[in-house]
Structures are given as structure tokens and as C-alpha cells.
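A.B. asks: We have chain U already, so just place chain R on it with the hints.
Heads up: the protein sequence lines correspond to chains U and R, in order.
Last residue of the first sequence: 445 (the working numbering), numbering continuous.
Last residue of the second sequence: 445 (the working numbering), numbering continuous.
A hint or two may mislead.
Note that identical chains are pooled: a pair holds if it fits in a single copy or bridges any two copies.
Claimed, not checked - Computed cross-link-like contacts, SDA-like style, restricted to lysine to any residue with a CA-CA straight-line distance of at most 25 Å:
{"#": "1", "residue 1": "K32", "residue 2": "R156"}
{"#": "2", "residue 1": "K414", "residue 2": "H98"}
{"#": "3", "residue 1": "K414", "residue 2": "A334"}
{"#": "4", "residue 1": "K32", "residue 2": "E280"}
{"#": "5", "residue 1": "K58", "residue 2": "P225"}
{"#": "6", "residue 1": "K44", "residue 2": "A101"}
{"#": "7", "residue 1": "K44", "residue 2": "I352"}
{"#": "8", "residue 1": "K44", "residue 2": "L31"}
{"#": "9", "residue 1": "K44", "residue 2": "S269"}
{"#": "10", "residue 1": "K414", "residue 2": "S267"}
{"#": "11", "residue 1": "K58", "residue 2": "H354"}
{"#": "12", "residue 1": "K58", "residue 2": "A263"}
{"#": "13", "residue 1": "K32", "residue 2": "G303"}
{"#": "14", "residue 1": "K414", "residue 2": "L440"}
{"#": "15", "residue 1": "K44", "residue 2": "V251"}
{"#": "16", "residue 1": "K58", "residue 2": "D419"}
{"#": "17", "residue 1": "K44", "residue 2": "A112"}
{"#": "18", "residue 1": "K44", "residue 2": "G431"}
{"#": "19", "residue 1": "K414", "residue 2": "E36"}
{"#": "20", "residue 1": "K58", "residue 2": "V371"}
{"#": "21", "residue 1": "K32", "residue 2": "D304"}
{"#": "22", "residue 1": "K32", "residue 2": "N346"}
If you are wondering where the hints come from, they were derived from the structure by calculation, not from laboratory data.
2 protein chains.
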Amino acid sequence: MTDYRTLRVALLGAGAVGSQVADLLLKHGDELADRAGAKLELAGIAVRNLDGKRDADLPRELFTTDAETLIVGSDIVIELMGGIEPARTQVLHAIASGADVVTANKALLATHGSEVFEAADQVGAEVYYEAAAAGAIPIIRPLRDSLAGDRVVRIMGIVNGTTNYILDRMDTEGADFADVLAQAQALGYAEADPTADVEGYDAAQKAAILASLAFHTTVPLDAVHREGITSVDAAMIESARHAGYVIKLLAVCERLTADDGSESISVRVYPALVERTHPLASVHGANNAVFVQAEAAGDLMFYGAGAGGVQTASAVLGDVVSAARRHIAGGVGVGESTRANLPAVPIGHVITRYQITLEVDDQPGVLATVAGILSEGRVSIATVEQTVIEADENTQTGGSARLVIGTHKAREQDLSETVERLAASGVVERVVSVLRVEGN
Amino acid sequence: MTDYRTLRVALLGAGAVGSQVADLLLKHGDELADRAGAKLELAGIAVRNLDGKRDADLPRELFTTDAETLIVGSDIVIELMGGIEPARTQVLHAIASGADVVTANKALLATHGSEVFEAADQVGAEVYYEAAAAGAIPIIRPLRDSLAGDRVVRIMGIVNGTTNYILDRMDTEGADFADVLAQAQALGYAEADPTADVEGYDAAQKAAILASLAFHTTVPLDAVHREGITSVDAAMIESARHAGYVIKLLAVCERLTADDGSESISVRVYPALVERTHPLASVHGANNAVFVQAEAAGDLMFYGAGAGGVQTASAVLGDVVSAARRHIAGGVGVGESTRANLPAVPIGHVITRYQITLEVDDQPGVLATVAGILSEGRVSIATVEQTVIEADENTQTGGSARLVIGTHKAREQDLSETVERLAASGVVERVVSVLRVEGN
Chain U
6 MTDYRTLRVA
16 LLGAGAVGSQ
26 VADLLLKHGD
36 ELADRAGAKL
46 ELAGIAVRNL
56 DGKRDADLPR
66 ELFTTDAETL
76 IVGSDIVIEL
86 MGGIEPARTQ
96 VLHAIASGAD
106 VVTANKALLA
116 THGSEVFEAA
126 DQVGAEVYYE
136 AAAAGAIPII
146 RPLRDSLAGD
156 RVVRIMGIVN
166 GTTNYILDRM
176 DTEGADFADV
186 LAQAQALGYA
196 EADPTADVEG
206 YDAAQKAAIL
216 ASLAFHTTVP
226 LDAVHREGIT
236 SVDAAMIESA
246 RHAGYVIKLL
256 AVCERLTADD
266 GSESISVRVY
276 PALVERTHPL
286 ASVHGANNAV
296 FVQAEAAGDL
306 MFYGAGAGGV
316 QTASAVLGDV
326 VSAARRHIAG
336 GVGVGESTRA
346 NLPAVPIGHV
356 ITRYQITLEV
366 DDQPGVLATV
376 AGILSEGRVS
386 IATVEQTVIE
396 ADENTQTGGS
406 ARLVIGTHKA
416 REQDLSETVE
426 RLAASGVVER
436 VVSVLRVEGN
Chain R
6 MTDYRTLRVA
16 LLGAGAVGSQ
26 VADLLLKHGD
36 ELADRAGAKL
46 ELAGIAVRNL
56 DGKRDADLPR
66 ELFTTDAETL
76 IVGSDIVIEL
86 MGGIEPARTQ
96 VLHAIASGAD
106 VVTANKALLA
116 THGSEVFEAA
126 DQVGAEVYYE
136 AAAAGAIPII
146 RPLRDSLAGD
156 RVVRIMGIVN
166 GTTNYILDRM
176 DTEGADFADV
186 LAQAQALGYA
196 EADPTADVEG
206 YDAAQKAAIL
216 ASLAFHTTVP
226 LDAVHREGIT
236 SVDAAMIESA
246 RHAGYVIKLL
256 AVCERLTADD
266 GSESISVRVY
276 PALVERTHPL
286 ASVHGANNAV
296 FVQAEAAGDL
306 MFYGAGAGGV
316 QTASAVLGDV
326 VSAARRHIAG
336 GVGVGESTRA
346 NLPAVPIGHV
356 ITRYQITLEV
366 DDQPGVLATV
376 AGILSEGRVS
386 IATVEQTVIE
396 ADENTQTGGS
406 ARLVIGTHKA
416 REQDLSETVE
426 RLAASGVVER
436 VVSVLRVEGN
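Chain U with its partners taken away, still in its complex shape (with noise of 0.2 Å):
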């Protein structure tokens, strides 16, 4: 075996992903060495516990509770140990410690992302997190590396496993939400505290990290407009797949040009309706996709495993060994730019397409009413279907009806405020949904 120097890895965190990435790091020792030209030796394993539970069977020797003392004179520091503190501060201390750092946390990157970049910048080390966007899907080398030379216009993700299994399941069973998330809890693929991933908190922190590369501006996590899959029911889902949709919670991040050709971004989160022969429509159960339409590149899609130890595993592993090659060649860091500092636009701003579905009074000149007020509202209708749901026998008038309005692009806030008008017209009985239709 070739004489390889020796680097030091630091590992903080021994849970799902941790524990597969000290089991591949000891297993695989000589072929990593080989592709990264350097020894990765395994200086330790920060955790909580020394006695917790592990998903493999690591030795004993490495485990510790001092990850401080871990840190000092390694060249590599992995955080896997997830949530913002003590992760930020050991990732801080990582990097005045001169080690470059590997990462799959999302939070940490969603909300402490700049002051951990400019930490590394000062002392010119990197931060390589593969792992935190979308599982082992490799999207952050294209969007930072390969597409540098292009302008990406628009991403539209799946990246989040949880709420993809529910709502693909809840579209291929007709159950309803709450049903669904009861098995996806007995079955592991939700949390027992399901909130970050129905309510697209973990979704919110993925598109900001995937918009402040896409478009080499820093967006924080409060820019993200945000909207979980919790009022998403069957018959929603239903009414979507005879329209031709199926419901997806998107990560939508989108470069809009004024008529002035200034420049703005809008970066979103919410159950969005998408044509089922749209690429995206057919990422079934926990897997993820990532959509992106770049201006010369055309339309590309990256598709993978959104979670699992093993997986995630997988794309630290890659940042690892980049990480070492990089440390091997004695470069300084290649970082990204964030120079463009494009201005996140609110929800109100976004201009897309929408679906109403509202329940009326089944009288003459209702539709009418309600197209006027669409009209009023600076909303093109593009597609009506009417269905009467609970009509007078013997009159067919005085019952309820739906409607199905498909829009053409309209203005976010124009289209609330005519929503508020409608619900206030005293001829809509009840605003049954608004959904956004995305992908052209």
C-alpha cells in the first residue's frame, strides 16, 4: 500500500448517519485512502452518552464525551450531532482550529450559515455540507461548481422524505393525513414529534441553503416563506388527481426580473398542485428530487434517497474525502460567491398560478359574482368546472355547489385579496382551498 500522510478526523455526533459514517470511515480505511491520497485515521467519536445506543458495532476506545479536546489538531471535523447549539460553537471552534469542517446540519446552516462561512473564509477553511440539502442526492457540487457559469431561474424540490411518503401515500390509498402520519410514525419514517417535517421547517431550512448557492446571494431562513402539508386532506388530493395534479410540497426557488430588469428572488415552501407527467410528479415514497431550470442548461433533475444513515452517510463521506484531497494539495479555499446579494421578495410578490376550490350558493348569477370579483382582483380565470353537491330535489336551485377555478398567473397578494372579497361576498359559502400550481 502506498505511504499516505495522515490526516486526523474528528467525529461529533454517533446517531442514524454518525454511526454508519465511523463504520464506513474504519471499513473502507484503505480504498478512502486511495481516492482521498491521504490516511483518514478516525481520531474519536464526540457523543452525549458513552452509553447510548449505536446503529453499528464501533469500538469502544473512540468514543468520548470532550468533544473540545477532540477537536484541537484535527484536520477534519465532522458535526453530525444536528440542532444549532453545541454545534455552532463546535463548529466555530473547529474552524479556529484550523480544521475544515463537514456538516449535515441544515438548522445550524439555515440560520448561523454566515457567520459559520465567514468564519471559515478569515482562516481559509472550507465547510463542505453535501449531506444537508437533500440527503445523498448530490446537489450542491452541480449548483456551486457546474452550474457556475449559467443562471439558474428556478429549483423546485421534493426534500423532505417524510411528507413526500405521506402525501404519495395518502395519493395512492385515498387515506387521509392524520391516518397516514399514524403509520409513517409506527413504521419510522415519521418523527414522534412530526412539526419540522409536516409543518416544512426542514424544507424551509433545505431551499435556503439550496437558494443561497443557486443564486450566490445569502438567504435567511426568515426569507423562506413557509406552508406544511397539515391542511392537505383526501379530498384535496383527490380533486387535484382529476385535474390532472398531484399535491407535492415544494421548496420553490425562483429568480424574478422587474420590468426594469432589476433582479429579486422569492424562495417558498407549501404544498404546491404539479401535472402528473412533470418529472417531479412521479418521486414516489421518502425519495427526494431536486428540479433545476437553468438558462442554458435547460431543465435538469437530480434524484436520490432524501434521508437514511446510510445514505447521508454516503455524501459526507464525498465531502470527507474532498476535504482531504483539498488539505493534500495544500489549497487555500475555493468557496463560493455569494456576491450577487439578490433581495428576497415576500410571498406577496410571487407571481404563479392557482387553484380555488370554493363551495357556492347553487343560484343563478353566482358565477357571475364570483367571476367579476376575480376580475376586479386582477385574477384571469383559465379553467371553471362546477359540480352541484347537495341540490334541492325537486328545484335543482337553493343547494351548494363547487367550483374548481384554475387561474392564470396572478400576483400571491392580488390573488389573497380577492380570495378575502370572495369569502366576504355572501354568495361563497366556504373557500374550500387555494393551492399554487408550479412547473410551468
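C.D. replies: Just chain R now, kept in the frame of chain U:
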């Protein structure tokens, strides 16, 4: 605007891709400077003929026929001439002059890759070639970097747009190869001389590049088994459809592990049957996709436009920005490891599934004879379908029958020897087709 250092960029070639690269470099200069951290000055464009027709309106004074002089003093040389010579000489000249090289030249890399990479290694230069493998699809960096800590098990790629366009139209229209090829030529989807595409030469070059990266092994072009699509006819497509398959020209790169644990690889290009539910089956038109299976990451797919001037230009410019960042960072080469050096096995060692279509005498005992020959040849039958094609109307015997046999996994050499014995058995009138089945 920030005061950037200027990097001198030389462009060799101004065809479909070169014109777009020059156009984008000039048009998006400021934005690219922000991304790269350096001003990219297009110093000149070397062409054979100064008066050639260009796809973009480019300043006349940039053109020169003297590539050799243009290269000297350049920081980055973009080689888009195509072909082996003079591309090889100029690329080596650029490396010797201290430039980094960006190329989309798959023919050069597949045949003289080792020479080029070794020359670059010796002087610490870098060779970028994202555009050489699957057009605008970012696949090089994912394979080289993102999956560097994983073990790629198999790649199945649709890497030639022309043949995918032809096979897709044959599939959707039931048309014959020659007709669709003629139409494709009329529409500009296929060259006047379509040999490189339809005989699989182009795909074989890309397969060699992908396999080299995925398996960290130098794969010479002559280690790639290659078959084209000229023998695929409407009847084969129809028969594939009937069995739930679609025919795709696949580049298959596979890691093989022997019983003693020793590893080798197989790299092959041929028309194969793919189940219609497989993600690759829904890659339509001239699009490309690369399906990657890795031990830890699981299944990944990368999808996008496989060719086209502006799409490929996107990949080239991504490489230019990477090269510029490396220059600014002052780093030496990060390089690829080709240290695994796995041997490539001949096609006879490949193990896969097959669909054998035979015309046989429609006589009692024929199926037993055929089954016996298969069994002797260590080819295990998974499915059989027999249909009468021209039976004698009175006796229902004496005519011919069509036998479609799906096999379990078999060794190619066993299979082909068995097919030869079938052909010589006396009961088989004609071996209609033998197709591999890929995808689990």
C-alpha cells in the same frame, strides 16, 4: 464593481458549443467575474477558417487561425475543436504552457485521457471535462467528488441523445429504424453520417469516461464492448413493449466481485431491454440520464439535455469558473485518483438477464428440445411465451411458432454458446433477436 484580477482565456473552436461559450463569456462577463472571483478576459478564438459561419454574433477581431500563439500566456484554455488532432497537440501545448484546460472532447479523453491527465499532473495543471460525458448534466463532479466516499456498483446511462430520440420515436410511433433516422437527419437530430451515434461509438467514449471516474480506474476505449442500434427493428420494439419493456441504448458500467472477493469491472454499450417502470424508461426524446447505484447512497439519477450548443456551453462555463477559482486560490491540482486499477473483463464474463426470440418449427417436442439445450448451457428459463405465426390451417402443425424466452441471470459466454447450439439444433428456424435485460 470589485477590482478583480484578470485571467486570460483562450478558446479553441467556434462551432455550435464554442460560439455559445464565447457569447456567454462576453455577455455575462461581470456576473461570471463575481462568481469566479476573477475577470475572465476572452483573449481570442482560434478557428480553422476566419470566414466560417458562427451561431453567435462575435467580434471579428477575436478570431485567429494561430491557436499555438493564442495559447501562450493564457491561464485557461477551452478546447472545443473536437476530434483527436490537432486537439491533442494543442491541449498538451496548453498544459505545457501552464494553463488549465477545459474540454468537451470525449473522443480525446477516451483515447488519450491518460496521456493528457499525466501531463497535467506533472505540471500541477487541471483538466476539466464536465461537458464531455453527458452534455449539460452535471455528472463528473458527483462521481468524482460527491460519491468519492462511496462505492459505485453500477451505472446505467442513456448518454447519446440521437439514439434515444430514434428509439423513442420508434417506440411511440411503431416506425422503423431507417425511417426515423431519415427524419432525425432532416430535423438535425442526427448527423449526415450517423455512424458515431447509431453504432454506439459516441456512447462508448462516454462510457469509458464515466467508468474511469466511477471505479477510479483507467478504462481504455478498447475495453468497452460496443453494439449499436442499427439492428433494432419495429418488431423488436413491439415485442419488448408486449413484455413490459422499452429498448434503450445503455452505457452500462458495472463493478463485479468474484467469489474470492477480487474485483473487476465491465463496461459495455448495447441496446437493452429496460422495464417500463424504471426511471430510465421515461427518458424521452434527445434527453440523457445517468442512473447510478452506489453501496451507501442507493439509487441516484441525473437527468437533462444531453447535447445542444447552449446546454453544453453551460457545462463548459461551469468548468471555466472552477478553473478560475482554483487559479485565484492558488491551489494545486485536486486531481482524481485512478489508483484502484480494476481490470476490465471481456463481454463474455458479463452476467445479466436475456430475452431470446426464436422462430421454431411448430412441432411436438420442440419446446422440450429448446429447453433442454438451454438447461445444458446453464441458462435458466424465467418466462416463455409461444405464439403460432403461420400454422397449417388444417393440421395446426407444420407451421412456425415464435418463442420468446426470458432468462434468469446467465453468463454472456454461456448464453451466446447456447444460442449458437439452438441455431444449429435443427428445430430453430431463425434466431430473431437476443437482447440483454438491464435494471435489477
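A.B. asks: Taking the hints in turn, state whether each one holds.
C.D. replies: Cross-check of the supplied hints:
1. For the homomeric pair K32 and R156, the shortest alpha-carbon distance between copies (12 Å) is at most 25 Å, but the shortest distance inside one copy (41 Å) is not.
2. For a Cα distance limit of 25 Å, the shortest separation of K414 from H98 qualifies neither inside one copy, at 49 Å, nor across copies, at 54 Å.
3. Taking CA atoms no more than 25 Å apart as the test, K414 paired with A334 passes in neither setting, with 51 Å inside one copy and 45 Å between copies.
4. Taking the shortest alpha-carbon separations for K32 and E280, neither the intra-copy value of 44 Å nor the inter-copy value of 35 Å comes in at or below 25 Å.
5. Within a single copy, K58 and P225 get their C-alpha atoms no closer than 35 Å, and across copies no closer than 47 Å, so neither meets the 25 Å cut-off.
6. For the identical chains of this complex, K44 and A101 are intra-copy neighbours only, at 23 Å inside a copy versus 31 Å across copies, given an alpha-carbon limit of 25 Å.
7. For the identical chains of this complex, K44 and I352 are neighbours neither inside a copy (49 Å) nor across copies (35 Å), given an alpha-carbon limit of 25 Å.
8. Taking CA atoms no more than 25 Å apart as the test, K44 paired with L31 passes inside one copy only; the shortest distance there is 11 Å, against 44 Å between copies.
9. In this assembly of identical chains, the alpha carbons of K44 and S269 lie at most 25 Å apart only when taken from different copies (24 Å versus 45 Å within one copy).
10. In this assembly of identical chains, K414 and S267 lie within 25 Å of each other by CA distance solely inside one copy; the values are 20 Å within and 59 Å between copies.
11. Within a single copy, K58 and H354 get their C-alpha atoms no closer than 49 Å, and across copies no closer than 44 Å, so neither meets the 25 Å cut-off.
12. In this homomeric assembly, K58 and A263 never come within 25 Å of each other (Cα to Cα): the closest approach is 55 Å inside a single copy and 35 Å across copies.
13. Taking identical chains as interchangeable, the C-alpha atoms of K32 and G303 lie at most 25 Å apart only when they sit on different chains, with a minimum of 18 Å there against 40 Å within one chain.
14. Taking the closest pair of Cα atoms, K414 and L440 come within 25 Å of each other only inside a single copy of the chain (13 Å); across copies the shortest separation is 48 Å, beyond that limit.
15. In this homomeric assembly, K44 and V251 never come within 25 Å of each other (Cα to Cα): the closest approach is 48 Å inside a single copy and 45 Å across copies.
16. In this assembly of identical chains, the alpha carbons of K58 and D419 never lie at most 25 Å apart, being 53 Å within a copy and 49 Å across copies at closest.
17. For the homomeric pair K44 and A112, neither the shortest alpha-carbon distance inside one copy (31 Å) nor that between copies (35 Å) is at most 25 Å.
18. For a Cα distance limit of 25 Å, the shortest separation of K44 from G431 qualifies neither inside one copy, at 73 Å, nor across copies, at 62 Å.
19. Taking the closest pair of Cα atoms, K414 and E36 never come within 25 Å of each other, the shortest separation being 53 Å inside a single copy and 29 Å across copies.
20. For the homomeric pair K58 and V371, neither the shortest alpha-carbon distance inside one copy (63 Å) nor that between copies (62 Å) is at most 25 Å.
21. Proximity of K32 and D304 under a CA criterion of 25 Å is satisfied inter-copy only: 21 Å between copies versus 38 Å inside one chain copy.
22. For a Cα distance limit of 25 Å, the shortest separation of K32 from N346 across copies, 20 Å, qualifies, whereas the shortest one inside one copy, 43 Å, does not.
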